[in-house]
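Read top to bottom, the protein sequences are chains G and Y. Those letters in the first sequence? Residues 0 to 459, by numbering that gives the first Met the number 0. Those letters in the second sequence? Residues 0 to 459, by numbering that gives the first Met the number 0.
Calculated from the structure, these hints are not laboratory results. Bear in mind that the values here come from a model prediction, so they are computed numbers and not experimental data. It is possible that part of the hints are untrue.
A pair counts as met if it fits within one copy or between any two copies, since identical chains are not told apart.
[What the hints assert, rightly or not] For lysine-lysine, the following DSS-like pairs were computed, each having C-alpha atoms within a straight-line distance of at most 25 Å:
| id | residue 1 | residue 2 |
| --- | --- | --- |
| 1 | LYS123 | LYS379 |
| 2 | LYS226 | LYS59 |
| 3 | LYS115 | LYS130 |
| 4 | LYS360 | LYS285 |
| 5 | LYS21 | LYS59 |
Each chain, letter by letter, is given below.
Number of protein chains: 2
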Amino acid sequence: MVDFEEKRDTLLETIEEMLRQKQYASLRSTLNDLEPADIASLFEDLPEEALPLLFRILPKEPAAEVFVELEPEQQEMLIRGFSNTELKEVLDELYLDDAVDIVEEMPANVVKRILKHADPETRKQINEILKYPEDSAGSLMTTEILDLKRTMTVADAFKRIRRTAADMETISVCYVTDEQRHLLGVVTIRTLLLAEEEDVVGDLMDPNVISVNTLDDREEVAQMFSKYDFLVMPVVDAEGRLVGIVTVDDAIDVMEEEATEDIEKMAAMLPSDKPYLKTGIFETWKARIPWLLLLMVSATFTGQIIAGFENALAATAILTAYIPMLMDTGGNCGGQASVTVIRGISLDEIEFSDLPRVVWKEIRVGVICGATLAAANFLKIMLLDRMVFHNPINATIAFVICATMLLTVVCAKVIGCILPLLAKKMGFDPAVMSSPFITTLVDAVSLLIYFRFASLLLGI
Amino acid sequence: MVDFEEKRDTLLETIEEMLRQKQYASLRSTLNDLEPADIASLFEDLPEEALPLLFRILPKEPAAEVFVELEPEQQEMLIRGFSNTELKEVLDELYLDDAVDIVEEMPANVVKRILKHADPETRKQINEILKYPEDSAGSLMTTEILDLKRTMTVADAFKRIRRTAADMETISVCYVTDEQRHLLGVVTIRTLLLAEEEDVVGDLMDPNVISVNTLDDREEVAQMFSKYDFLVMPVVDAEGRLVGIVTVDDAIDVMEEEATEDIEKMAAMLPSDKPYLKTGIFETWKARIPWLLLLMVSATFTGQIIAGFENALAATAILTAYIPMLMDTGGNCGGQASVTVIRGISLDEIEFSDLPRVVWKEIRVGVICGATLAAANFLKIMLLDRMVFHNPINATIAFVICATMLLTVVCAKVIGCILPLLAKKMGFDPAVMSSPFITTLVDAVSLLIYFRFASLLLGI
Numbered sequence: 000m001v002d003f004e005e006k007r008d009t010l011l012e013t014i015e016e017m018l019r020q021k022q023y024a025s026l027r028s029t030l031n032d033l034e035p036a037d038i039a040s041l042f043e044d045l046p047e048e049a050l051p052l053l054f055r056i057l058p059k060e061p062a063a064e065v066f067v068e069l070e071p072e073q074q075e076m077l078i079r080g081f082s083n084t085e086l087k088e089v090l091d092e093l094y095l096d097d098a099v100d101i102v103e104e105m106p107a108n109v110v111k112r113i114l115k116h117a118d119p120e121t122r123k124q125i126n127e128i129l130k131y132p133e134d135s136a137g138s139l140m141t142t143e144i145l146d147l148k149r150t151m152t153v154a155d156a157f158k159r160i161r162r163t164a165a166d167m168e169t170i171s172v173c174y175v176t177d178e179q180r181h182l183l184g185v186v187t188i189r190t191l192l193l194a195e196e197e198d199v200v201g202d203l204m205d206p207n208v209i210s211v212n213t214l215d216d217r218e219e220v221a222q223m224f225s226k227y228d229f230l231v232m233p234v235v236d237a238e239g240r241l242v243g244i245v246t247v248d249d250a251i252d253v254m255e256e257e258a259t260e261d262i263e264k265m266a267a268m269l270p271s272d273k274p275y276l277k278t279g280i281f282e283t284w285k286a287r288i289p290w291l292l293l294l295m296v297s298a299t300f301t302g303q304i305i306a307g308f309e310n311a312l313a314a315t316a317i318l319t320a321y322i323p324m325l326m327d328t329g330g331n332c333g334g335q336a337s338v339t340v341i342r343g344i345s346l347d348e349i350e351f352s353d354l355p356r357v358v359w360k361e362i363r364v365g366v367i368c369g370a371t372l373a374a375a376n377f378l379k380i381m382l383l384d385r386m387v388f389h390n391p392i393n394a395t396i397a398f399v400i401c402a403t404m405l406l407t408v409v410c411a412k413v414i415g416c417i418l419p420l421l422a423k424k425m426g427f428d429p430a431v432m433s434s435p436f437i438t439t440l441v442d443a444v445s446l447l448i449y450f451r452f453a454s455l456l457l458g459i
Numbered sequence: 000m001v002d003f004e005e006k007r008d009t010l011l012e013t014i015e016e017m018l019r020q021k022q023y024a025s026l027r028s029t030l031n032d033l034e035p036a037d038i039a040s041l042f043e044d045l046p047e048e049a050l051p052l053l054f055r056i057l058p059k060e061p062a063a064e065v066f067v068e069l070e071p072e073q074q075e076m077l078i079r080g081f082s083n084t085e086l087k088e089v090l091d092e093l094y095l096d097d098a099v100d101i102v103e104e105m106p107a108n109v110v111k112r113i114l115k116h117a118d119p120e121t122r123k124q125i126n127e128i129l130k131y132p133e134d135s136a137g138s139l140m141t142t143e144i145l146d147l148k149r150t151m152t153v154a155d156a157f158k159r160i161r162r163t164a165a166d167m168e169t170i171s172v173c174y175v176t177d178e179q180r181h182l183l184g185v186v187t188i189r190t191l192l193l194a195e196e197e198d199v200v201g202d203l204m205d206p207n208v209i210s211v212n213t214l215d216d217r218e219e220v221a222q223m224f225s226k227y228d229f230l231v232m233p234v235v236d237a238e239g240r241l242v243g244i245v246t247v248d249d250a251i252d253v254m255e256e257e258a259t260e261d262i263e264k265m266a267a268m269l270p271s272d273k274p275y276l277k278t279g280i281f282e283t284w285k286a287r288i289p290w291l292l293l294l295m296v297s298a299t300f301t302g303q304i305i306a307g308f309e310n311a312l313a314a315t316a317i318l319t320a321y322i323p324m325l326m327d328t329g330g331n332c333g334g335q336a337s338v339t340v341i342r343g344i345s346l347d348e349i350e351f352s353d354l355p356r357v358v359w360k361e362i363r364v365g366v367i368c369g370a371t372l373a374a375a376n377f378l379k380i381m382l383l384d385r386m387v388f389h390n391p392i393n394a395t396i397a398f399v400i401c402a403t404m405l406l407t408v409v410c411a412k413v414i415g416c417i418l419p420l421l422a423k424k425m426g427f428d429p430a431v432m433s434s435p436f437i438t439t440l441v442d443a444v445s446l447l448i449y450f451r452f453a454s455l456l457l458g459i
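One chain only, chain G, in its complex shape (with noise of 0.2 Å):
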């Protein structure tokens, strides 16, 4: 791999070196070695006055690319510096998507000069995306489309191709459509290669194309690319005209941001759209503290069945020893169950008609993991806490133990696995069915379970 993070130091005091020296020609064919990203990622890391300089060094079409890896607060900072004609030149050398995006996170008064220096069309085309709902795939979609005519030949098509595609995000993947711009079928630039001059562009077109809606989630249509292995996806409007095509690598920051959405839901916080270390201590409190609060509070229940039991366990008090154990373990059986059930939802493997196979397996498992578990316990228990701890416990007090431990792993997997299914069924997001909320169920539950063998077993 030609390891970029290796380099970097060396390069960040080799690009700060010649701004000192003034070695602007040499800065120029440093940077231009490097891809966008890399660029990008070594903005962040120069002193901030000199960041409009170095942008000013690239070339043009890089500098357009790195603009659009860079950080909101950068890409502000470089907006605010620029003349009406650099803004204009950025502006145009930018795919209609990433100028959605960048539009989306600037400050009222930077998108309205930002929006005044665009040409008309851009501009109009910007005001279009932005109508759709944040999570749509017509937020996601870039409306500037390679559209064929299926009376075209294919020498006309590579005309078209030609004149257009500069400004073009993708040309692997062209749509044909008719006259009022209804999606008629697709044609990829390899067919149009290995075709004859002459040959027709609605003879060579698959008229079987897979599209989405405007209003479709985002997250399906990442879905769909992992599932056609797509590199284009074209948008059709209500009426099945086209409007606009998402590309492959938009979809993967999509399938990257819900997977990471999901993995904070189930550790109990809402998502949160910034990197870790980007995002400030009282956002990163806000975004912990309502489900901490809320599981706090639900964990009274809890509370209250010990204290109802408060004297069975003042006459047994070794019982009271086992409670973190019998509660962990059931939190982890349960977590187990919830989150592959939640990510087989996620990834379209699991859907809600499967809750009788999905229970029935984990009753299954929940029964051989809970024995192994009990067995492996009482061992332990005879083993290690009678003989080496001295705890007073006999076979009696360790078969309570056991036998809560067994009933504790099938209720908590049969629990783990129904409340995500359920939760989609009712329209909620199952990734909040996780380990946090299911262990607090399942605390109360063990506890439940473990008192009522106790007064039966030992007669408290």
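Please build the complex by placing chain Y on the supplied structure of chain G, with the hints as guidance.
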């Protein structure tokens, strides 16, 4: 969206009806209108004995694509039923990396038959790829590469592209190599289309090519696709010779698998590479039981801490009722911090050198989260537990509980953020240092704090 899921059931019925009526022509045209991934998903729900017939009805090219999307068991069944000629036909249509994936899933005698009927060049290439470790870029790549020479004109290049395009997984990006196949540069099909026929490839190519090594980890390779927005990544050997390419669809699969693995590890499971509903009970048990056992045994320490304070607890029994809440909240706080840091490490946003910044941030977040929770808890105890439930509790005991809460939350946040970074530094997978593991640790810490405060303030 042309929603395949909605018409799935109707399609299944239609196909079964056509099979019964032996309407093979209409069956062929019905299947022809569908995407290969969708056909494969239908085949999974159709009677197994119809599969060979259905497969033979498909035209040759989609048939190969459908074959790739089928489950390994179905692939095996089909291969066993194929005549030698049929097997050869399917193999000839497969892309090399797909053929390798299939070979990796098949039992030895089927592999032998596949290799026997592949043409000698393909056989050699399959064996070549099989040599690479499972998680390496080499095992992910295909060796069918569109390589150009720097002295070629654009017209020559297009001649070569047209001649080889049919066998290539992608033609969007072409690589330029010398006689020894050293990677010299990259040129996109777009650049070639926009150039003049007599331009020379060497002048058009970009000599700064990002590439990966055959032995690089496939997760890092996938991460680079996301960073650089690539469609194709060239793979070179130790001498810098181009040996293959990785395409973006395979990178997406890796990203999804790695996210699933991370999530599984975070929930204390060993990662599995099969979909949930296809995994057997004992396989699921094997993936879940090791961590459950380990975490159960670790909870012994927590139990011993309680056993040590048995007398104090017997004296002020109400203290026991708050143990679950303190432990759960501590576990949730630690889980939030660890999961955030683990995801940050996966996405290359956080490195070990960020440790001081991360710890400092978590301390501050911990203090304000802890203070909020302690305050809410104090109110809850005094208003709900005391006045409504009539628990025998006073302001001093409430203060012990809330002070423990604050300190536990801060400790949990710090433990939660340090352990994944330490694991990463020591070469372990950070995902293992997540909620279940941290919960067990935090349980012990919170109890120690609790009993210490209780002895100090309540004199027990």
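Outcome of the hint check:
no.	hint	verdict
1	LYS123 with LYS379	neither (72 Å within a copy, 55 Å between copies)
2	LYS226 with LYS59	between (37 Å within a copy, 21 Å between copies)
3	LYS115 with LYS130	within (18 Å within a copy, 58 Å between copies)
4	LYS360 with LYS285	between (38 Å within a copy, 14 Å between copies)
5	LYS21 with LYS59	within (20 Å within a copy, 63 Å between copies)
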